[in-house]
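Undergrad: Could you put together the complete structure from these sequences and hints?
Number of protein chains: 2
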Amino acid sequence: MKTISGGVCAAKGFTAAGVHCGIRKSRTKKDLALIYSQVPANAAAVYTTNLVKGAPLTVTKENLADGKAQAVICNSGNANTCNADGLEIARGMCDLAGKALGISPKDVVAASTGVIGPPLSLDPVAAHIDALAAQLSQTGSADACEAIMTTDTQPKEIALEFELGGKTCRMGGIAKGSGMIHPNMATMLVFITTDAAISTPMLQKALSGDIQNTFNMVSVDGDTSTNDMVTILANGLAGNPEITEENEDFAAFMQALNTVNVYLCRRLAGDGEGATKLLECKVTGAADEAAAKTIAKSVICSSLTKAAMFGADANWGRVLCAIGYSGAPVDVNKVAVAFRSPAGTIAVCENGAGIPFSEELAKQILLEKEIEILVDLGDGSADATAWGCDLTYDYVKINGDYRT
Amino acid sequence: MKTISGGVCAAKGFTAAGVHCGIRKSRTKKDLALIYSQVPANAAAVYTTNLVKGAPLTVTKENLADGKAQAVICNSGNANTCNADGLEIARGMCDLAGKALGISPKDVVAASTGVIGPPLSLDPVAAHIDALAAQLSQTGSADACEAIMTTDTQPKEIALEFELGGKTCRMGGIAKGSGMIHPNMATMLVFITTDAAISTPMLQKALSGDIQNTFNMVSVDGDTSTNDMVTILANGLAGNPEITEENEDFAAFMQALNTVNVYLCRRLAGDGEGATKLLECKVTGAADEAAAKTIAKSVICSSLTKAAMFGADANWGRVLCAIGYSGAPVDVNKVAVAFRSPAGTIAVCENGAGIPFSEELAKQILLEKEIEILVDLGDGSADATAWGCDLTYDYVKINGDYRT
Chain S
0 MKTISGGVCA AKGFTAAGVH CGIRKSRTKK DLALIYSQVP ANAAAVYTTN
50 LVKGAPLTVT KENLADGKAQ AVICNSGNAN TCNADGLEIA RGMCDLAGKA
100 LGISPKDVVA ASTGVIGPPL SLDPVAAHID ALAAQLSQTG SADACEAIMT
150 TDTQPKEIAL EFELGGKTCR MGGIAKGSGM IHPNMATMLV FITTDAAIST
200 PMLQKALSGD IQNTFNMVSV DGDTSTNDMV TILANGLAGN PEITEENEDF
250 AAFMQALNTV NVYLCRRLAG DGEGATKLLE CKVTGAADEA AAKTIAKSVI
300 CSSLTKAAMF GADANWGRVL CAIGYSGAPV DVNKVAVAFR SPAGTIAVCE
350 NGAGIPFSEE LAKQILLEKE IEILVDLGDG SADATAWGCD LTYDYVKING
400 DYRT
Chain P
0 MKTISGGVCA AKGFTAAGVH CGIRKSRTKK DLALIYSQVP ANAAAVYTTN
50 LVKGAPLTVT KENLADGKAQ AVICNSGNAN TCNADGLEIA RGMCDLAGKA
100 LGISPKDVVA ASTGVIGPPL SLDPVAAHID ALAAQLSQTG SADACEAIMT
150 TDTQPKEIAL EFELGGKTCR MGGIAKGSGM IHPNMATMLV FITTDAAIST
200 PMLQKALSGD IQNTFNMVSV DGDTSTNDMV TILANGLAGN PEITEENEDF
250 AAFMQALNTV NVYLCRRLAG DGEGATKLLE CKVTGAADEA AAKTIAKSVI
300 CSSLTKAAMF GADANWGRVL CAIGYSGAPV DVNKVAVAFR SPAGTIAVCE
350 NGAGIPFSEE LAKQILLEKE IEILVDLGDG SADATAWGCD LTYDYVKING
400 DYRT
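From first to last, the protein sequence lines are chains S and P. When we follow numbering that gives the first Met the number 0, the leftmost residue of the first sequence carries the number 0, and every step to the right adds one. When we follow numbering that gives the first Met the number 0, the leftmost residue of the second sequence carries the number 0, and every step to the right adds one.
Among these hints, one or two may not hold up.
The list treats identical chains as one, so a pair stands whether inside a single copy or across any two.
To be verified - Below, a list of computed lysine-lysine pairs in the DSBU-like style, where the Cα atoms sit at most 30 Å apart: (1) 362 <-> 24; (2) 60 <-> 333; (3) 368 <-> 396; (4) 28 <-> 362; (5) 362 <-> 396.
Derived by calculation from the structure, the hints in this document are not laboratory data.
TA: Structure, rendered in structure tokens:
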């Protein structure tokens, strides 16, 4: 398995494009993305569990009922959520994309991200859809990636090459964050493409399984978005024998998918709104996986821990506190905590109590851009990892006046 | 029922004092408080549900096992939590207080608040306990209140006069916040005193019942502290017939307790770390109380809603979002949202969708110091209120480098 370039266009038969159509006020930032497969693809998706759901999710669910899709259309700048006309608009987006691409609107995945509430006008989409379709190219992933960004400061794009049944397959993904991120059964917007041949049920199984250890283990701010969605299109053009059961090829596919998703999770968390650093909480020695996950998420969700990490302050008591209120059963007298980064590793707590440590070294470690918070529960052999970011002035700034 | 002065010394037989003993680095901020009843009092308490518990809570629980207490000792600057010697130190504090007051150490409530982890030295307490006891006075509530403060910017103190069985009774309370506040079955540090005669079981019943609608409905930052505790001492000196059952007097007592607690909740939330405004989410029209409470808390816990309120941005989509992910069953198509403050009331969402509103008026309303977020679910007749605060630059500042 190796990393390659090309993002969502790395896999055979996929092209993408992004343009500025005018949904966003900024005149330069792209705000409309299109991803296209030259042949119909098997498709799977997972969606937010928020009861307030964006209209595009409902339409995408309808369109994926047959397990097939051939294109993705996504705008940023408006979530098309909590509107009287949301469903009509979302279907209108699919109609426009289908017409421009010469495919059925039922084979289009629709997604929107941005402010909740204001009506989304179809006019800018209608005015630019033909130009967008004309721009589809094998080098268009970066443009599509830019077009789905909201407060993201960095694009999130990856592609891999791997083997299935003697054939070279490719998989690529793009994602957008960067606030309202606390996925539950699904997450933010992530679009993954692959030329691997895999049946729709196995594709859904792979996606639903993997997100439990990837996107569902990310939190930026504890707010589960109304528009979270991860979709994957598999067009089979790699020519491998189609995966239809849990065999060796399925395992290899899962490994590729996990690599793509972990990469995107780290990018999403590290570029959380206002974030200056990526936090990775690794829990080991748990009695079971559920406890490990609950504790890892509790630590990376703690506002106090997040603010301490921003200040490079080794205030491990906040980590203990978050472990204690997580809801997972834990013997606090066995807990050990350490911080690790490229600058080194420092143990700060053993058996649930503080141990002497060099504040100077701790500071050096915590001043790095990627911090691991290592928690050992001394209670078993299960583990889990969760990803988050620090809480900063800029998070407040970005969200104190998001709409203007 | 009327408000009076005197805080925890308003009730007959209670005195209090606060001194700077040196646990905190600041040379001026008081850091050791003592509250004393001239006769043994019936006592009740509720404690944090965090599995990581401060040692003072364990010791207080032991000491209140007989339902009696006569004094409270509390330090700020160090939580005496996650230490090998925590229990010994907490018992040492009770011993010192008991000796200075000439009472059994088993009749002392111990509490600590501040940084988690570093060992708490008994030396400063031992050196100042006699001076502290000598300063006990009927005007000492404000000093005690100052001594328990950590990042609080304002003291939180109240006293009431009310009647029970033809006798004038008094009740007073002091509280400290202001971070790591997301109580669960208990809360921050709150000390309440009353001269009402009430049996220990009824006192515990009153306290445990009332906190479900008061302290358990407050959140500053979603972090449930290791040291949360609310205690109440009732010394019976008012001479009313002792309350031993759920009669009219008990109802009057509950009303007084609720008034004290709601006042302290509002003060705690409004003075949350870095807060510039108090947020009060009032949910009406819920199918049941549990749903109303869950939704009210979800809204005031949403980082995105909190940041929007800081920016006086009527971004109601975030309120809808928080309702949707709360976990409570809700028909989002019936939800109405409005904002209210001394500057007016503005409806922003009806039937789950946005309605046109004046951004200018919304801004004026949200620039006030106390904001009500009114949510009607159109689904029944249950209601609930939760209190929180905005998320600000100063929250990040305070918590980015709390220990130095």
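Undergrad: If a hint holds in the structure, say so; if it does not, say that too.
TA: Here is what the structure says about each hint:
1. 362 <-> 24: Classified as between: cross-chain Cα gap 21 Å, same-chain 41 Å, threshold 30 Å.
2. 60 <-> 333: between (46 Å within a copy, 23 Å between copies)
3. 368 <-> 396: both (21 Å within a copy, 19 Å between copies)
4. 28 <-> 362: Classified as between; 28 Å across copies, 38 Å inside a copy.
5. 362 <-> 396: Cα proximity of residue 362 and residue 396: in one copy and across copies (26 Å, 17 Å).
When held up to the earlier numbered hints, the structure conflicts with none and fits them all.
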